[in-house]
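**Student:** Spelled out from the first residue to the last, the chains are:
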Amino acid sequence: MARILVIEDDVTTAREIATELTAHGHEVAQVHDGQAALDMAMREPFDAITLDRMLPGMDGLVLVERLRERRVLLPVLMISALSDVDDRIAGLRAGGDDYLIKPFASNEMAMRVEVLLRRRQQSSESAILRVGGIELDLIRRKVRVEGEPVRLLHMEFRLLEFLARNAGDVVSRRIIFEQVWGYYFDPGANLINVHIGRLRKKLDRPDKPSAIVTVKGEGYRLDAV
Amino acid sequence: MLSEGLRFRDIRNTSTFRLTLLLGLVAAIGVVALLGLIYGLSARELDSRSDRILRAEAARLEGIPRDQLPDHIRVAIHRSVSGLNYYGLLDREGRPLAGNLRGSSGFVPGHVREIAGRSGRHGPVRLLAVRTAAGETILIGRDITPLVDLRRRVFEVLAFSGVAIALLILIAGTLLSFAPLRRLGRLQRSAHKIAAGHLEERMPILGRGDELDLFAGTVNTMVDEVGRVVSQVKAVTDAVAHDLRTPLTRVRAQLYRAGQQPDISPLLAGKVEAALADLDMVLERFAALLRISELETGSRRAGFHTVDLAALARAAIDLYGPLAEERGIALTLEAADGARMFGDDKLLFEAVGNLIDNAIKFAPAGGRVGIRVRSAGDGVRIEIRDDGPGIPADQRKAVLRRFHRGAGSEEVEGSGLGLSVVAAIAHLHQLSLDFDDAKPGLIARLHSPGR
Chain V
1 MARILVIEDD VTTAREIATE LTAHGHEVAQ VHDGQAALDM AMREPFDAIT LDRMLPGMDG
61 LVLVERLRER RVLLPVLMIS ALSDVDDRIA GLRAGGDDYL IKPFASNEMA MRVEVLLRRR
121 QQSSESAILR VGGIELDLIR RKVRVEGEPV RLLHMEFRLL EFLARNAGDV VSRRIIFEQV
181 WGYYFDPGAN LINVHIGRLR KKLDRPDKPS AIVTVKGEGY RLDAV
Chain S
226 MLSEGLRFRD IRNTSTFRLT LLLGLVAAIG VVALLGLIYG LSARELDSRS DRILRAEAAR
286 LEGIPRDQLP DHIRVAIHRS VSGLNYYGLL DREGRPLAGN LRGSSGFVPG HVREIAGRSG
346 RHGPVRLLAV RTAAGETILI GRDITPLVDL RRRVFEVLAF SGVAIALLIL IAGTLLSFAP
406 LRRLGRLQRS AHKIAAGHLE ERMPILGRGD ELDLFAGTVN TMVDEVGRVV SQVKAVTDAV
466 AHDLRTPLTR VRAQLYRAGQ QPDISPLLAG KVEAALADLD MVLERFAALL RISELETGSR
526 RAGFHTVDLA ALARAAIDLY GPLAEERGIA LTLEAADGAR MFGDDKLLFE AVGNLIDNAI
586 KFAPAGGRVG IRVRSAGDGV RIEIRDDGPG IPADQRKAVL RRFHRGAGSE EVEGSGLGLS
646 VVAAIAHLHQ LSLDFDDAKP GLIARLHSPG R
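Quick mapping for you: the protein sequence lines, in order, are chains V and S. Numbers 1 to 225, taken from the working numbering, label the letters of the first sequence in order. Numbers 226 to 676, taken from the working numbering, label the letters of the second sequence in order.
Bear in mind the hints are in silico, worked out from the structure with no lab data behind them. From the three backbone atoms N, C-alpha and C, an ideal C-beta is built for every residue, glycine too. Mixed in with the good hints, there may be bad ones.
[Stated by the list, open to error] Ranges of calculated distance between the beta carbons of each label pair, as one might list FRET restraints: (1) V:R144 x S:E551: 23 to 33 Å; (2) S:P589 x V:L73: 49 to 59 Å; (3) S:D662 x V:E148: 42 to 52 Å; (4) V:S126 x S:K664: 17 to 27 Å.
[As the list claims (entries may be wrong)] Here are the computed lysine to any residue pairs in the SDA-like style, where the Cα-Cα straight-line distance is at most 25 Å: (5) S:K459 x V:R93; (6) S:K571 x V:E178; (7) S:K571 x V:I89; (8) S:K496 x V:S172; (9) S:K571 x V:F162; (10) S:K571 x V:M155; (11) V:K202 x S:A555; (12) S:K496 x V:A189.
[To be verified] Far from chain S, some chain V residues (derived; all Cβ distances over 10 Å): (13) A2; (14) Q35; (15) A36; (16) M40; (17) A105; (18) G132; (19) S210; (20) A224.
Please build the complete structure, drawing on both the sequences and the hints.
**Tutor:** In structure tokens form, the structure reads like this:
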């Protein structure tokens, strides 16, 4: 469970974000304007922030800059009603960790928060990542499944690494495309599916169910099997 | 377009240079005509003066009795005054009787004739023949070397001043063209900045009120207007984005929440799921439309940098290769190293990726999709070729229209905005997007204009 600060001026949207994050087992505090948000973030301990880009009283960009100036290094998911082209760059440059554009799907938003929380937990991690029988050596960039070495291409390794870092959580195609490939457009349903399919073929063992689970309409999840 | 450094070709093309040249040419013709007239008149004056001397001498000799004539001629030759140094007396048959002239033909009595000089023997000579009452001919010649020299000198002065005037005109034309050309260069640089999306840029005005100032002023007014319209469009887009996106987020969230209720009936759950899917499609199109209008404002050009297109195409092959392989399509790349352009790599990748995705969708199972990247002159050319059904020639423009769904695409997923996004990205990069027949199949081409 994590404590999350939701900064959003639209009360209904704030409530929906809070409900979704609560459903994912987190504790949520809401604030509706910039100054109150800054005070609260300075006063209370949180694990992550969701931040609306357009706030009364203070621009979300300014808010995130102030937080960073005051050494508040919590992961920040910026949520914006502006279009993505220049805004994403500005948001990430100001110190945001991820960027989501309205209108968004609540579950997608929650997934992104989970990814940010995971990233934070793993910042002082070991060089080996283990999920069930899958073992990733992050330094030598080698993979073993049930102790047997498996050869992966560069992007296959990065895809597996991303799934492994978020093991047990569903990640959407869009998030995978952004985080693994670094592109911010809609890749279409098939493209990521095919890459996941290839990875599965290399990881799956005949006597076990596939470690990569497809969650219909949502995305993929790596399970310990 | 003006080159970076001033070249003579640029100067030669300016109107100042041409005007100077034209006026100079008229002036030169005038000067040449004047000098020619002076030359002609003075040459004639000099000739007639020399002829008068010849005739006076002839009249003197005619008055002398026949028997004394040879002696007089000898004395005259001996004295040789006023350059009168050639005399002759010929009999009726033209045989020389006295004097130092031998030539006997081609004389018309009473007329002066000019004989060109022979080197080593005599200089140029003007010769007068007079018939005496006895039927003999007296010849009197005058060496006109100084006269010919004078004529030549006048001609040389004329030719030299002609060349000097022509050179001066050329130099004046070039110097006079420099300033307007430099100004034009500055105007052109502003125009390029404006075209690149820097709508705050204005053309420099010197305040002289000349034609270039007037022109720059007109363009600035135009840019003000364009800037006003663009910022209006941007404001509307932002307002639409903000005012619609937040309520749409609420709608989606509440619908999603309703679907998550544990006591929901299966029928209702199905309806909610279908509604969410439809809503997501609407939202996706809405996002794509906003994205296109934002791309079209051109503000993203500020973040352009050099993009290696061969590397970009290789990354696209890595991404789309597995998709092609799954459909049994051979995906090939032919990329020239050094194909580079100024742009946004993420957007260019999106455009190329979108075209490859389309090609894979429309190529038949077991078909081929080929990507070719080349640099062409200062520009680039990216071609994506498939062997699918292609697009009929009369529909190739229509596919770029928003929401267009071509015949045969019913089975293929997509919002109908993909190519509009590609076209907007192409426009942002000053590239053209067009389609050609691959016989069979389609060639989608992104290229610098004219390449």
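**Student:** So, for every hint listed, does it hold in this structure?
**Tutor:** Evaluated hints:
For R144 of chain V and E551 of chain S, the hinted distance range of 23 to 33 Å is satisfied, since their beta carbons lie about 27 Å from each other. At about 53 Å, the beta-carbon gap between P589 of chain S and L73 of chain V stays in the expected band of 49 to 59 Å. Taken as a hint, the range 42 to 52 Å holds for the pair D662 of chain S and E148 of chain V, whose Cβ atoms sit roughly 51 Å apart. Separated by about 58 Å at the C-beta atoms, S126 of chain V and K664 of chain S break the suggested range of 17 to 27 Å.
For the suggested pair K459 of chain S and R93 of chain V, the alpha carbons sit about 22 Å apart, so the restraint of at most 25 Å is met. Between the alpha carbons of K571 of chain S and E178 of chain V the distance comes to roughly 11 Å, so the proposed pair stays at or under 25 Å and holds. With a C-alpha separation of about 12 Å, the suggested pair K571 of chain S and I89 of chain V falls inside the 25 Å cut-off, and the hint holds. Distance check on the hinted pair: K496 of chain S and S172 of chain V sit about 23 Å apart at the alpha-carbon level, within 25 Å; holds.
For the suggested pair K571 of chain S and F162 of chain V, the alpha carbons sit about 21 Å apart, so the restraint of at most 25 Å is met. For the proposed pair K571 of chain S and M155 of chain V, the alpha carbon gap of about 17 Å is at most 25 Å, so the pair holds. With a C-alpha separation of about 22 Å, the suggested pair K202 of chain V and A555 of chain S falls inside the 25 Å cut-off, and the hint holds. With a C-alpha separation of about 22 Å, the suggested pairing of K496 of chain S with A189 of chain V holds against the 25 Å cut-off.
With a least beta-carbon separation of about 20 Å from chain S, A2 of chain V lies farther than 10 Å from that chain, consistent with its non-interface assignment. Q35 of chain V, annotated as away from the interface, keeps every beta carbon of chain S farther than 10 Å; the closest lies near 21 Å. With a least CB separation of 19 Å from chain S, A36 of chain V remains clear of the 10 Å interface cut-off, as annotated. M40 of chain V, annotated as away from the interface, keeps every beta carbon of chain S farther than 10 Å; the closest lies near 22 Å.
With a cut of 10 Å on Cβ distances, A105 of chain V falls inside the contact zone with chain S, its closest approach being about 6 Å. With a least beta-carbon separation of about 24 Å from chain S, G132 of chain V lies farther than 10 Å from that chain, consistent with its non-interface assignment. For S210 of chain V, the requirement that its beta carbon stay farther than 10 Å from each beta carbon of chain S is met, with the minimum near 17 Å. Against the 10 Å criterion, A224 of chain V stays outside the reach of chain S, whose nearest CB is about 26 Å from its own CB.
When held up to the earlier numbered hints, the structure conflicts with 4, 17 and fits the remainder.
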